Every structure is written in structure tokens, then in C-alpha cells.
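K.L.:
Each chain is listed here by its residues.
Number of protein chains: 2
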Amino acid sequence: MTAWNKKSLCLVSGASQGIGREIAIQFAGKLPSGSTIILTARSENGLNETSSLISKANSSIITKIFPYDMSNPKEKDFTSLLSAFSPNDWEQFILVHNAGTEGTGRPVKDCSNPEEWQKYMSLNLYSMVLLTSAFLKTFKNDEKTIIVNITSLAAVQAIAGFGEYCVGKASREMYMKVLSAESPSLRLLNYSPGPVGTDMVDRCISKIDFSETRGMFEKMKTEGTLVKAPDTVKKLVNIIESGLPAYLRVDYFDRD
Amino acid sequence: MTAWNKKSLCLVSGASQGIGREIAIQFAGKLPSGSTIILTARSENGLNETSSLISKANSSIITKIFPYDMSNPKEKDFTSLLSAFSPNDWEQFILVHNAGTEGTGRPVKDCSNPEEWQKYMSLNLYSMVLLTSAFLKTFKNDEKTIIVNITSLAAVQAIAGFGEYCVGKASREMYMKVLSAESPSLRLLNYSPGPVGTDMVDRCISKIDFSETRGMFEKMKTEGTLVKAPDTVKKLVNIIESGLPAYLRVDYFDRD
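Here the protein sequences line up with chains E and F, keeping their order.
Here the first sequence stands for residues 1 to 256, where the numbers follow our numbering.
Here the second sequence stands for residues 1 to 256, where the numbers follow our numbering.
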């Protein structure tokens, strides 16, 4: 019996587009009848569209949308959302932290506005920290809980022009590692999806100050070597199917 | 000619006690006449005491104290402090980010107050980011600039009960790595001093929720295996004397 045979309550953040939407759809295609997927992001329209796509992929999955701005997160908002679901109704709980932003593209030495940092870290770190707390405290079932953090090569390798992004992703990965050290019954996955061809790539090309980094993205786009969302999410689905240990970090480009 | 032969303007944060004080004193003992060390921390008394100790170590060093609370940092405060020093008066600029706090000691899943995170990251990340910006923009002399970040094993290895500390130190190290990728003329050092016998250790023992982590510190304290501040700062002095590359990470326990 793999994780995908278990009736699950699943929450995906950043689910209105891109990788988050693809995760929600592919997970829906794998989960058994009666499983519920909570979709959160700012855009209500985007969430409704993801919900429609899930219905087409698997009509036996229930979806709930939760339009929310992660740049000003409050634990009580998450607790209120999650407490509508009884811990006893599910064989498994899956939390996917996908929401994130790419930062300003400026050199880090010019990133000297503390309010800007505060907003960046709220959205990219504190929101996932608070959501994790609410999730774990509401369901109190570490043995049945999987948490996936969508990370990046930028969490472990500095990339010019990606200062906030590197700092944010490094801090998220470390949070997951500490959580694992403290709560060893959880199954935690830091998954780096590779450079996926989403809107974020276009935004990076338009705003990054460093020609080398910009050129790298432009080259991947021109040559068609950006990773496709369905492919990288398929790998994520397979990793989960193989059975997760207490802690794992995987990059899309790691060998199987 | 080593870094220690150059007339330097040096700033040490967290200089009122512990490792920061020891860094200021040992650096003063190595630097040539006319070098100036700016000492910053919250405690004016502590800074004055460090200043006295510097005078005893090397009376040809000028000190300036700057009492400041790093939990609410503003770039303009640092710019105002530094602009009193002409960029042309110095052969070398040394910035040592030593200020830091150890966090609450609670499990990270119970660290769900965004204001608490905001305060922690202000003091432990944003303050060093803003101070770095002010320093680099004021002196505009990357080739002559050394920046030392006092880091920890906790930046790369998760430790139960050290959630905020691990996240803060990981984010600081990544900031340094991105800065190096973007400003390759700087010389940047992430130095992990080892578990030094300071007040922080006693605070950790008293508040950490995890017996394994608490026991590790208690054992080191009882057995006298905590690192001594003069020893670890001596190693730091020697690393700088050997000549720094663009980027380096060293732990006290690394072999020479």
C-alpha cells in the first residue's frame, strides 16, 4: 500500500497556477475517492480553474478553495480553515508548501530595506512555518503526515541576482531539517523541481540585474531546456509512491 | 604583507561581551597604529569595558563605541555612523558580524508567532544585511574589504531546540554566498567558532525543550570541553593572516 492508496486530506499552497496547480491535479489523479484537496493562493479565479481541472482529472476528489495572501499570514486563519476537517476522517495528511516569490532581482547589497525583507520572509518563510504549525496542531497525527517543501537549487547554491530567493529557500530547507530533528515521526521532503518553464522565469529574465543569470534563463528558454511542470511533478509523485523516509531532499536532476 | 599590517577601519557587532569582545581585543592587538575599531552592541557599559581592554592591549588603536539595538535596524543609522570616516584614510576595511541571539528554545512547530520571527530575523539577518549595505556603499572599496560572518554548525546541521538559530544562521551564510557571487572582489569569511563557553550556553541549557540538545551542552560544560573564546578567535586571526580568498567557510574544528 503506497501513500497514494490512502484517503487523504491534502493542502497545496500556490495552487492557482504553475507547479502548484500541476501538483494539485496530479495528486488528485492518484488519490482515492473521498480524498480532499484544499487549494490556496491569492487568486480566487486561479483556484477555481485548478478546482475545475481537478474535477476533470478525478471527479471523486473533493476540493476546497481558500483564497489567501501569504504575505501577511496568521496562524489562526490556518487553524480556522483546517479545524473544519476532523482528524479522524483521514488515513493521511499531506501538506505541500509551494507558494513563493522570486524577489526583486537586485544585487543583495542593494537589498537594504527591512520592510521589503520582512514582506519577503513573511510570504516565503513565516507563512509556511505558521501553516505547518496549524496543520500539525490541528491533526496531531505525525505518523500519518507528509510535508513537501518546494525548494530550489538556489537553497544550496548562490545565484547572482537571486539574493532574497536564495536566502528564503535556504531558510525554508533548514526549517524542514529542524522540524525533522524534533518531530521524527513526520515524513518530510524538500523537493527541488528544477528550472520549470512558468511565468516566474519570464519575470526573472525581465528583472535580474546580472547578465550571467539572465542569460542562463534566456538560453534555457530559447533552447527549450526548461523543465516541464508535468514532468517534474511526475517525479515528485513517484518519490512519494516509493515511500518517504523521515527526511529526504531530492532535486529533479538527481538520478532515480 | 598580511591583512594585519594594513591600517584598518574595523567594525565589530556584538562587541560588548563574549566572542565579539574577544575579536575586538585580538584584532586590536594585531592591527597597526592609527587603526580604528568601531564597537557596537546594545550595552554601552559593555562597549566601554571592551574599549578599555583594547586600550590595554594596544594603546595605538582608536576605538569608537556605537550603542545600538540591532532588533530594529535602519540603514541610515549605519550610514550616518560610517560616513564620519573618510574612505581614503584606510588601507583596509573589516566588518565583523558577530551580534546574534539564540532564539526561544521551543520546538519549531511551536514557533508560530510571526512578530517573534520578524524580531528574530531583524536582529539576526536584516541587521547584518543592512549594515553590510551601508558599509559597502560608504567605503566603495570592495578590493580592500573583508567581511566576517560569525556563523555556527547550526547553519548547516539541524539541532533540535535551535529552530530559529538554525534558520537564522543558514540564512546569513547564504546571504554571504550570494554577496560573494555578486561582488567577487570582496573577501568573505563564514567562520563557525565552535561551542564557545559564553553566557549563551547557560541560557541554552536553561531554556531548550529537548533533553538531548540540553544534555550535549551540559556535558560540554561539565567536562570542560567548550571552546575558549581566546582560542577560537586566535584561529580566526590566523585564518585572516593566511590571506582570504573571495569566499571561505571555516569551522573551528576544521583541520588547519
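Since the hints were made in silico from the structure, they are not lab data.
Treat the hints with care, since some could be wrong.
Any copy will do: because identical chains look the same in the list, a pair fits if it lies in one copy or spans two.
In silico DMTMM-like links for lysine to aspartate or glutamate, alpha-carbon gap of 25 Å or less [to be verified]:
{"id": "1", "residue 1": "Lys119", "residue 2": "Asp69"}
{"id": "2", "residue 1": "Lys74", "residue 2": "Glu116"}
{"id": "3", "residue 1": "Lys234", "residue 2": "Asp89"}
{"id": "4", "residue 1": "Lys76", "residue 2": "Asp209"}
{"id": "5", "residue 1": "Lys234", "residue 2": "Asp209"}
{"id": "6", "residue 1": "Lys7", "residue 2": "Glu143"}
{"id": "7", "residue 1": "Lys109", "residue 2": "Asp69"}
{"id": "8", "residue 1": "Lys234", "residue 2": "Asp256"}
{"id": "9", "residue 1": "Lys140", "residue 2": "Asp110"}
{"id": "10", "residue 1": "Lys7", "residue 2": "Glu115"}
{"id": "11", "residue 1": "Lys119", "residue 2": "Glu75"}
{"id": "12", "residue 1": "Lys137", "residue 2": "Glu223"}
{"id": "13", "residue 1": "Lys207", "residue 2": "Glu75"}
{"id": "14", "residue 1": "Lys234", "residue 2": "Glu75"}
{"id": "15", "residue 1": "Lys119", "residue 2": "Asp77"}
{"id": "16", "residue 1": "Lys6", "residue 2": "Glu218"}
{"id": "17", "residue 1": "Lys119", "residue 2": "Asp199"}
{"id": "18", "residue 1": "Lys109", "residue 2": "Asp254"}
{"id": "19", "residue 1": "Lys144", "residue 2": "Asp110"}
{"id": "20", "residue 1": "Lys76", "residue 2": "Glu115"}
{"id": "21", "residue 1": "Lys137", "residue 2": "Glu212"}
{"id": "22", "residue 1": "Lys6", "residue 2": "Asp202"}
{"id": "23", "residue 1": "Lys144", "residue 2": "Asp89"}
{"id": "24", "residue 1": "Lys140", "residue 2": "Glu212"}
{"id": "25", "residue 1": "Lys137", "residue 2": "Glu115"}
{"id": "26", "residue 1": "Lys74", "residue 2": "Glu115"}
{"id": "27", "residue 1": "Lys109", "residue 2": "Asp77"}
{"id": "28", "residue 1": "Lys234", "residue 2": "Glu223"}
{"id": "29", "residue 1": "Lys6", "residue 2": "Glu91"}
Predicted, not measured: the structure shown is a model, and the values here were computed from it.
K.L.:
Now, for every hint given, state plainly whether the structure supports it.
P.N.:
Results for each hint:
no., hint, verdict
1, Lys119 / Asp69, "both (11 Å within a copy, 21 Å between copies)"
2, Lys74 / Glu116, "both (19 Å within a copy, 12 Å between copies)"
3, Lys234 / Asp89, "neither (27 Å within a copy, 60 Å between copies)"
4, Lys76 / Asp209, "between (39 Å within a copy, 24 Å between copies)"
5, Lys234 / Asp209, "neither (33 Å within a copy, 39 Å between copies)"
6, Lys7 / Glu143, "within (15 Å within a copy, 60 Å between copies)"
7, Lys109 / Asp69, "between (28 Å within a copy, 21 Å between copies)"
8, Lys234 / Asp256, "within (12 Å within a copy, 46 Å between copies)"
9, Lys140 / Asp110, "between (43 Å within a copy, 13 Å between copies)"
10, Lys7 / Glu115, "neither (42 Å within a copy, 36 Å between copies)"
11, Lys119 / Glu75, "both (16 Å within a copy, 17 Å between copies)"
12, Lys137 / Glu223, "neither (46 Å within a copy, 38 Å between copies)"
13, Lys207 / Glu75, "between (33 Å within a copy, 24 Å between copies)"
14, Lys234 / Glu75, "neither (31 Å within a copy, 45 Å between copies)"
15, Lys119 / Asp77, "both (18 Å within a copy, 21 Å between copies)"
16, Lys6 / Glu218, "neither (42 Å within a copy, 44 Å between copies)"
17, Lys119 / Asp199, "within (21 Å within a copy, 33 Å between copies)"
18, Lys109 / Asp254, "neither (32 Å within a copy, 29 Å between copies)"
19, Lys144 / Asp110, "between (44 Å within a copy, 19 Å between copies)"
20, Lys76 / Glu115, "both (23 Å within a copy, 14 Å between copies)"
21, Lys137 / Glu212, "between (44 Å within a copy, 23 Å between copies)"
22, Lys6 / Asp202, "neither (38 Å within a copy, 46 Å between copies)"
23, Lys144 / Asp89, "within (12 Å within a copy, 63 Å between copies)"
24, Lys140 / Glu212, "between (47 Å within a copy, 23 Å between copies)"
25, Lys137 / Glu115, "between (30 Å within a copy, 19 Å between copies)"
26, Lys74 / Glu115, "both (18 Å within a copy, 10 Å between copies)"
27, Lys109 / Asp77, "between (35 Å within a copy, 16 Å between copies)"
28, Lys234 / Glu223, "within (22 Å within a copy, 52 Å between copies)"
29, Lys6 / Glu91, "within (6 Å within a copy, 66 Å between copies)"
In terms of the numbered hints stated before, the structure departs from hints 3, 5, 10, 12, 14, 16, 18, 22, listed from lowest to highest.
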